[in-house]
Each structure stands twice: as C-alpha cells, then as structure tokens.
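A.B. asks: The listed protein sequences correspond, in order, to chains A and B. Here the numbering used here is used: the first sequence runs in plain steps of one and ends on residue 717. Here the numbering used here is used: the second sequence runs in plain steps of one and ends on residue 805.
Simulated from the structure, these hints should not be mistaken for laboratory data. One thing to keep in mind: the hints can contain errors.
Said to hold, decoys possible - A short, non-exhaustive set of chain A residues, derived as facing chain B with CB atoms under 8 Å:
#: 1; residue: Ile164
#: 2; residue: Val172
#: 3; residue: Pro222
#: 4; residue: Ile236
#: 5; residue: Ile237
#: 6; residue: Ile243
#: 7; residue: Phe244
Quick caveat: nothing in here was measured; it's all calculated off a predicted structure. Every residue, glycine too, gets a C-beta built ideally from N, C-alpha and C.
Each chain, written out:
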Amino acid sequence: MENQKFYYDNKSVKLFLLATIIWGVVAVLVGILVACQLAFPAFNFGLEYTTFGRMRPLHTNAVIFAFVGNAIFAGVYYSMQKLLKARMFSDVLSKIHFWGWQLIIVLAAVTFAFGISTSKEYAELEWPIDILVAVVWVIFGWNMIGTIIKRRVQHIYAAIWWYLATFIGVALLHVVNSFELPISLIKSYPIYAGAQDAVVQWWYGHNAVAFFLTTPFLGLMYYYLPKAANRPIYSYRLSIIHFWSLIFLYMWAGPHHLLYQALPDWVQALGVTFSIMLIAPSWGGMINGLLTLRGAWDKVRDSAVLKFFVVAVTAYGMSTFEGPMMSLKNVNQMTHFTDWTIAHTHIAGMAWNGGIAFGMLYWLLPRIFRTKLYSEKLANAHFWIATLSILVYAIPLYWSAVTQWLMLREYTPEGFLAYPNFLETLTQILPMYTLRIISGIMFLTGFLLMVYNLFKTMAAGSVEADEAAEAPALVKAGSRNPLNETVHRWMERKAVRFSIWVFIALFIGGAVQIIPMIFIKSNIPTIDTVTPYTPLELEGRDIYVKEGCYTCHSQVIRPFRWETDRYGDYSKIGEFVYDHPFLWGSRRTGPDLARAGYINGPMYKNSAWHYNHFMDPQKMNEQSIMPRYDWFAKKDINLDMTPNKIRAMQTLGVPYPEGFDEKAVDELLWQADQIVAELKLSGIEIEPTKEMVAMIAYLHKLGRDIEPNTNQNPDSHETGE
Amino acid sequence: MNIFYLLIGVSLFAALIFLVAFIWAVRDGQFDDNDTPARRMLFDDDSIDEEENPG
Chain A
-3 MENQKFYYDN KSVKLFLLAT IIWGVVAVLV GILVACQLAF PAFNFGLEYT TFGRMRPLHT
57 NAVIFAFVGN AIFAGVYYSM QKLLKARMFS DVLSKIHFWG WQLIIVLAAV TFAFGISTSK
117 EYAELEWPID ILVAVVWVIF GWNMIGTIIK RRVQHIYAAI WWYLATFIGV ALLHVVNSFE
177 LPISLIKSYP IYAGAQDAVV QWWYGHNAVA FFLTTPFLGL MYYYLPKAAN RPIYSYRLSI
237 IHFWSLIFLY MWAGPHHLLY QALPDWVQAL GVTFSIMLIA PSWGGMINGL LTLRGAWDKV
297 RDSAVLKFFV VAVTAYGMST FEGPMMSLKN VNQMTHFTDW TIAHTHIAGM AWNGGIAFGM
357 LYWLLPRIFR TKLYSEKLAN AHFWIATLSI LVYAIPLYWS AVTQWLMLRE YTPEGFLAYP
417 NFLETLTQIL PMYTLRIISG IMFLTGFLLM VYNLFKTMAA GSVEADEAAE APALVKAGSR
477 NPLNETVHRW MERKAVRFSI WVFIALFIGG AVQIIPMIFI KSNIPTIDTV TPYTPLELEG
537 RDIYVKEGCY TCHSQVIRPF RWETDRYGDY SKIGEFVYDH PFLWGSRRTG PDLARAGYIN
597 GPMYKNSAWH YNHFMDPQKM NEQSIMPRYD WFAKKDINLD MTPNKIRAMQ TLGVPYPEGF
657 DEKAVDELLW QADQIVAELK LSGIEIEPTK EMVAMIAYLH KLGRDIEPNT NQNPDSHETG
717 E
Chain B
751 MNIFYLLIGV SLFAALIFLV AFIWAVRDGQ FDDNDTPARR MLFDDDSIDE EENPG
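Produce the entire structure from the sequences given, and follow the hints as far as they go.
C.D. replies: This is the structure in structure tokens:
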C-alpha cells in the first residue's frame, strides 16, 4: 500500500495554546477582583462597569469559555491530527474557528462590563453573540467531523468519542437554552417563564459542566495522560463503558440545582436520582486515569506534567462524588445558597480543569516548539503552589458554608431566629473571604511562573507550522461479512456486551423519566391574584437583570421555618409565570428578595430606605458589602423602549390588555409620580424617569401579589401602598 | 411543567444520537479490538511503523 504524504497543522494548535495562556491569566485576575469585592466593597471602585454583579459573569465566562475553551481546542486540534493521521479538515475552518472564538470572548468581556446580560448563568451572552457562538461551534464540529471522514486510521480512539460528544452536547444545550425574543440588538427576553425558565436554564447549566468542563477534558485525559506516562490506558473497555453511560446520564440531572424551590417534587426527585447514578460513570473515568499510572508512580515523582494530571484526576473523582452528595435534598439545604457550591466548583475548576490544562500545556508546548521545557523546577513549583492554593480556597469556604448555615437556622429558646439579620451571618464569614483572596493570589503566582516558563521555552524553539508525516490511506473496513463469518458469529463479538450495557443505561434512564410523566399530571398551578409587571416594574426588573443583582440575591424562598421566618412565605410555582427570565439566583451573598414587596413581611423596606440604601449601602448597614448604585439617581430609563417591551411580553403570552403598549409610558409615569411623591415626604427630590424609581417599583412588586388584601382588581393602579 | 416535555424530547434526542453513534461504532468494528488502540496511540509520532491492516 502506498504511503500518503501529509502535513500536520501545528500553527492552529500554537494559536489556541497562546490564547489559553493569555485568557487564563485574565480569568484568574478577574477572579481575584471579584474575590476582593466580596471581602472589601471598595474594590467595586464606585463605577457601574466594575461592580460585582457585572464582573462575576465575566469571571465565570472567562474561566469556562476563554481559558478552558481554548485549552480544549488546542488539545483537540493536536491530538486529533495525530490519532487520525490526518491534517485538520480545512485550514479556513480552523482559522475562522480560532478568530471567531476570540472575537466572542472579547465581545463577552465588553458586553458584560456594559451590563448587557440575559442573567442566565453561564449563558449571559445576549442573542447576537449567542448566534455567533452557534456558528463558530458548528464550524468546530464540521472541522472535526471532516477530519474524521478523511482519517487514515480505521479505529477512532476513545479521546475522539469524548470530543464528538462535546460537540453534540453543547450544540443542543446552547440552542435550546437560547430561545429568546429580541427587542433590540442588546436586549432580549427568554421565551420561557418562571419555573420553566429555571428548569431549562439549569438543564443547560448542569450540562455545560458536563459537556464543556467534563467530557472534553476526559478526552484530553485519555490522550495526554497515557502519552505523558508512556503507558496505555488502564482499561480501554472501561473507557467505552463509562463514555456511553456518562453522556447519557448527565442530561437528566439538572433539577438538582432547584431542590426545595418552586418546582414539582417529582422533577426534583428525578434530578436527584440521576445525579446519584452519575457517580458510577464518573468514577470510571477517575479509576481509569489513576490506574493507568499503576507501576509508573516513579515517573510521577519526577514529572510536573504527571503530578498535575494526578491531582486533576483525583479532584475529578472527589468532585463527582461530592456533586451527587450535594444533590441529596437533606445535604442540599445546607450546600445550596451557601459557599459550599462555590468551593465545589472551584475544586473542579482549579484542580480538574486547571490541572489537565496545565499538564497539557507543559507537555504539549515544548513538543510544538520542538524543544525541551525551559525549567522542570519552575513547573514543579507551579504545581505545589497551585495545589496548595486550592486547599486555601476550599477549606475556608466549606467552613464559611457550614458556619453561615448553622447561624441562619439557629433559634433562641424563645423560638425566635437567633440571627434575624442576614448581615450578621455574612459578617461572621468575611474573614474566610479574605483567605480566598490569598488563594487567588497564590494561584495567579503559580500561573505566572508557568507563563514565564513557557515563554522561555517558546523563545528557545520554533514551531514547524506544517509538520510532514506519512501514512497509508484508509481502506474501508466495509460491513462485517467475510465469507467465514456468519451473522451470529458477528453478534457474539465483544461489542454485544457493550450493547447490553448501553441498553440497560438507556432503559433505566428512560423508565425513570417517562413513568412519572405518564402517571403524574403535572402543571403549573396559577394564582389568580398574581398580576403582570406594570411598565415601571418591568423597567426596574430589566435594571435588576442588567446589574446582575441575581448574583448575590436570590428570589425563591424554600419551605423551611428558618427561611419563611426570615424572608416570608415560601415561594409558589404560580408566582413566577410572568418572569422572563426567572431570577431565583444560586448563591445568597445578600438576603433573599422574593418577598421584598410584601408590606407585612419581614423583608419590606419603604421607598426612602431603598433610595438611601442604593445611594450608599454602608450608610444603612455599616457592615454591608453591597456596592453603591448611586447612578440609579442620575440615569434615565429609556422610555422609547417601553412599548417594545410590553409588546414583546404580549408575544410571550403575558396578558396585558390589547393596545396596552400605547398606554404603557403614561402608566409608567403615573406610577413613577406616586413613588416620587412618597420620596418627597422623606425630603428626597428625584425625577420620575430615573432608574432609581423603577428599581423601587420593582422591589415593591416582589412577592406582593399573594398578599390577600391587595390586588382584588388587577386593572386598577397598584403601587403596593 | 410543559417545558419538561421539550427537555425530555431533547434529552432523548441526544441519547438517540449517541445510540446511533454507538450502533455505527459497533458495526464499523470500533470495539472489536480493545487492546491495540490503547497502545497504538503511544506511537503516533512515528507514522510509518505501527500501521496495520485496518479492520
């Protein structure tokens, strides 16, 4: 058979490697900034562009899509070509993929700073960028599948299966979660409302973890770990089994992010069940990774690359055990809304994704540049600093989670909440937030050691952009029908065993999901007194979304006595039917606001209080870590957009009367005047079109509707006073 | 929870894609040999030596 000559594309790999390093530094820097903001509010700098609410999405997106994303692409582009003995399908697609992705990252950074955000966690990008993401993602998949088609090796190695699952999984999640109705180039409303939006969002959110942070990195593990150890993977068979079971099970576990919240019980139980089942395939990956090093642990002692891989795989095992445990409802009441989840994600992010990415960078970059790593010693130093920093991160935050939870649920012997003021529980854990900053600085120090080490390495070598290689063309295997092999014989091959396993996995998953669907009539119990937002409240809600208030304040009260005593009656599904998007939040750095507008409730504050609090939170509560929002008093809401927003809401099924869009501005000004008049009684002068007025109106709407004494007539003007 | 019908559909669709991929993989002989691929990838820098008759 003739050997075909071809060239590996190393230039794309190099570009993605450089992007990984650069965005990694940015992501960690922003992480340190948000950590500083939580410990010392002065780090919000008094600017609207740099508040925590806007920087937190920037941090999460930079880590996930910029740092981890580029690491995935670098790893995939290198390993795929080598495994398939083929150049990437198209240089043009590779180029569009690289520059398109970097453009998305820059657009994300800019739009988040300007408060252009959908508020859906890890999907905060607005619709034009969503479309760009979809296009670039399809180009990535097209490039991969094209390469597979023109491969020169019959067998598709395990790593590539994970890459393909990544492509399919992310494409599905991104498209379904991004159905939104645009009202301008920079603003849209999701088509889902309330509990439904929550279910879709966390189906996405959970599976973004699965198909962006897990499956591609398992693929990288299956390539780079055996390469670095120069040993075959422990069990190729296990890699196949845990691949098929993991990709199937993950898709169903999303509701574990919504336990005890306004969601039918069976959906919660379903999410928990699948989460527990996920331990098995997840640990398949950990076991396979660690046992590959069986008999090669002496190499681990000498190699920083392998050390990073070992910590990464171990952390993966711990996180995928911790995750299912956190999905148990009794554990979840502590871990949800506290720092436990933050610690959990950072162990996974810093150790698992970071470890695999760092190990891969140290292994791959010298190969691409055809030289040796500049300093193994520095790499080892990076390893120890990074590993220590993870402990400095996780332990204080676990401590803080338990402390805050115990304080929140503590009662005096007389039966009152021991710490009725949420702020007391936060002040108690602030020292832990200072420790977190130290962890961030440590992690960054290690990172910068790597940057120095790698740039020195690059300077010593040079990239062969097109590396020559030879391999025979692929002879199609054809159908499995040689003369001496009957169909039955073919059926008996090893593959059958795998089919059975997959069938069992599919059947269990399907049965658990479908049977309750048939036997339980599920619907959203609506509540008659719940009315749509007035135009002013809607404008306020959009500001709430824009400023990222949901990053610290939840809007859903769980049915525990210590929550209902503190925040008001527990949340009902029917309360959220007009919420595009839902704003339940995922971490309470501040108190829950679901009943902030319920006049007889514990969370109610009058207009003047809100005004003063936005102007300077520390004046109202000395210990508060909330940034000031004094620009609310200066900036006007855009009344030109108000009719558009009402029309969009009507399209989405919110029952405003016919022609209400025409009257919306008048209605808005009427309600604003009430608030302005009320503020005037407290000696505060403000124009009715300021953002402040809309925010106060919105906060006074929250949870007000199930108050039995208001809103008997939904058509009458209601201000909640 | 009408949205669950869509999500079940989408999840099953994803599962179906994976199932089809699995069946294709079995038929294509991807799982016939569970030892060689694990070793072969270690030698992929040396493009000529480890070529074997595919399938």
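A.B. asks: Next step is simple, just say for each hint if it's right about the structure.
C.D. replies: Hints, verified against the model:
1. Ile164: holds (6 Å)
2. Val172: holds (6 Å)
3. Pro222: holds (6 Å)
4. Ile236: holds (6 Å)
5. Ile237: violated (10 Å)
6. Ile243: holds (5 Å)
7. Phe244: Holds - the Cβ of phenylalanine 244(A) comes within 8 Å of chain B, reaching about 5 Å at its closest.
The structure is inconsistent with hint 5 alone, although it conforms to all the rest.
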